[in-house]
Each structure stands twice: as C-alpha cells, then as structure tokens.
Amino acid sequence: AQRVTQPEKLLSVFKGAPVELKCNYSYSGSPELFWYVQYSRQRLQLLLRHISRESIKGFTADLNKGETSFHLKKPFAQEEDSAMYYCALRARFGAGTRLTVKP
Amino acid sequence: SAVISQKPSRDICQRGTSLTIQCQVDSQVTMMFWYRQQPGQSLTLIATANQGSEATYESGFVIDKFPISRPNLTFSTLTVSNMSPEDSSIYLCSVATGNLEQYFGPGTRLTVT
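Residue numbers (my numbering), protein chains in the order written: chain A, 8 to 110; chain B, 488 to 600.
Don't read these hints as lab results, they were simulated from the structure.
It is possible that part of the hints are untrue.
What the hints assert, rightly or not - Quick list of the computed label-pair ranges, beta carbon to beta carbon:
| # | chain 1 | residue 1 | chain 2 | residue 2 | range |
| --- | --- | --- | --- | --- | --- |
| 1 | A | Glu87 | B | Gln528 | 38 to 48 Å |
| 2 | B | Gly539 | A | Glu27 | 17 to 27 Å |
| 3 | A | Ser33 | B | Arg497 | 27 to 37 Å |
| 4 | B | Gly547 | A | Thr12 | 39 to 49 Å |
| 5 | A | Ser62 | B | Lys494 | 32 to 42 Å |
| 6 | A | Ala24 | B | Arg502 | 44 to 54 Å |
| 7 | A | Ser37 | B | Gln538 | 19 to 29 Å |
| 8 | A | Ala24 | B | Cys500 | 18 to 28 Å |
| 9 | B | Gly503 | A | Gly36 | 40 to 50 Å |
| 10 | B | Met518 | A | Ser59 | 12 to 22 Å |
| 11 | B | Gln501 | A | Arg60 | 44 to 54 Å |
| 12 | B | Arg497 | A | Thr12 | 30 to 40 Å |
| 13 | A | Ser33 | B | Phe562 | 47 to 57 Å |
| 14 | A | Phe21 | B | Gly503 | 26 to 36 Å |
Every residue, glycine too, gets a C-beta built ideally from N, C-alpha and C.
Please model the complete structure; the sequences and the hints are all you need to start from.
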C-alpha cells in the first residue's frame, strides 16, 4: 500500500533559523515523491520533485530510501515561507505541515 | 505547466440534489485527478480520470456517488450526487505530466445545507 506520513501538523520557527519538514513514505516500488506548497489564498503548487534534485526558493529535499524519507529542508527560513506544505507519493498526499516563520 | 480552471468556484446546494463541477485545461493532458479537501484536512484522492478509459476510483468512493466524465484531453466533470452535509468540501481537479508532477485548479467550494 502507498502511504505518506507527515508527523508534524504545525511547525514554527524564527526567521533565519533552519527548517526541516519531515516526510516518510511506504511504497514497495520505486517512489515518485513531491513536495507541494499552498500559500495563503493561492492554489496548491509544485515545489520540488525528487528526481530533479534541484533547489527551489532555497528548499531542498533528498530521497533516503534506507529511511524511506523525503524531508524538506531550508537553511535559513524567511517569513514568506509561511504556508502549508504537503508531501506526496505519486498522487497521494500526506496530512500536511503548516509552517509559520516568525519575525 | 498547465493552466486549469474550474466551474463553479463555489456553490451552496440543498441536501439530496446533485452538482456537476467542470475542469478545463489549456493544453492536452492524459492524466487528470479529482480530489476532495475537507475543512482542515489534506487532499484525498477521489479518482483518476484518464481520457479513453473509465475513471479509477479510490477506496471509499463509488461511481454512483461521484460520476466522472472525461470526453477529451482538455476537459472533465465530476458530479457529486445526492448530496448530504458531509459532502461539504473543496473539490480540486489536477492534471499530471508524464513524471506525475501535478498542476491544480483553484478548487470548487461546496456547501450542502
């Protein structure tokens, strides 16, 4: 069965602090993992995909098959990063983490 | 990327009636998905609607309740039938590229009274 777990519903950090949003998955095949973000009053949009290994808005995410994880990281959080973040395995979404970056 | 529009953007419906939600894409895409997002919750996949085949429904969702049409590569509809207050939700359509990157519509906010 495909399952995505985001253990933190809420995460709050101060501006300039590092941030890590956790995502673990369960899938027997080769995982196709994504991070999506939803800013206030905007539609859901793709942030990162695991196959690209790129950095978007300072965020990176590394697939760790041994730990079945795909955590999202940013070394220095900004206030504009405050949003809802969803990890997705193919078309199935985790519960989401609401990130708040305080000034 | 793809630009997706949905109609209506919101509606208030009475119990027992049906509502059809339209999803229009500005380019031809094979994979299209319908999701439900209940208040304070994440997205729950209702069904996958690929053009040229019957929609594939997820566990807990049935065709009689959520019939889907996909007449061509740029359009799909989802009907919420015989509505009850528990169907109050945001309904989202999305399209996916070949590597499963998804692009989402703005959503349809449905309230059932």
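A quick look at each hint next to the structure:
{"no.": "1", "hint": "A:Glu87 / B:Gln528: 38 to 48 Å", "verdict": "25 Å, violated"}
{"no.": "2", "hint": "B:Gly539 / A:Glu27: 17 to 27 Å", "verdict": "42 Å, violated"}
{"no.": "3", "hint": "A:Ser33 / B:Arg497: 27 to 37 Å", "verdict": "35 Å, holds"}
{"no.": "4", "hint": "B:Gly547 / A:Thr12: 39 to 49 Å", "verdict": "19 Å, violated"}
{"no.": "5", "hint": "A:Ser62 / B:Lys494: 32 to 42 Å", "verdict": "36 Å, holds"}
{"no.": "6", "hint": "A:Ala24 / B:Arg502: 44 to 54 Å", "verdict": "48 Å, holds"}
{"no.": "7", "hint": "A:Ser37 / B:Gln538: 19 to 29 Å", "verdict": "26 Å, holds"}
{"no.": "8", "hint": "A:Ala24 / B:Cys500: 18 to 28 Å", "verdict": "45 Å, violated"}
{"no.": "9", "hint": "B:Gly503 / A:Gly36: 40 to 50 Å", "verdict": "42 Å, holds"}
{"no.": "10", "hint": "B:Met518 / A:Ser59: 12 to 22 Å", "verdict": "19 Å, holds"}
{"no.": "11", "hint": "B:Gln501 / A:Arg60: 44 to 54 Å", "verdict": "50 Å, holds"}
{"no.": "12", "hint": "B:Arg497 / A:Thr12: 30 to 40 Å", "verdict": "32 Å, holds"}
{"no.": "13", "hint": "A:Ser33 / B:Phe562: 47 to 57 Å", "verdict": "34 Å, violated"}
{"no.": "14", "hint": "A:Phe21 / B:Gly503: 26 to 36 Å", "verdict": "51 Å, violated"}
Hints 1, 2, 4, 8, 13 and 14 from the earlier list are contradicted by this structure; the remaining hints agree with it.
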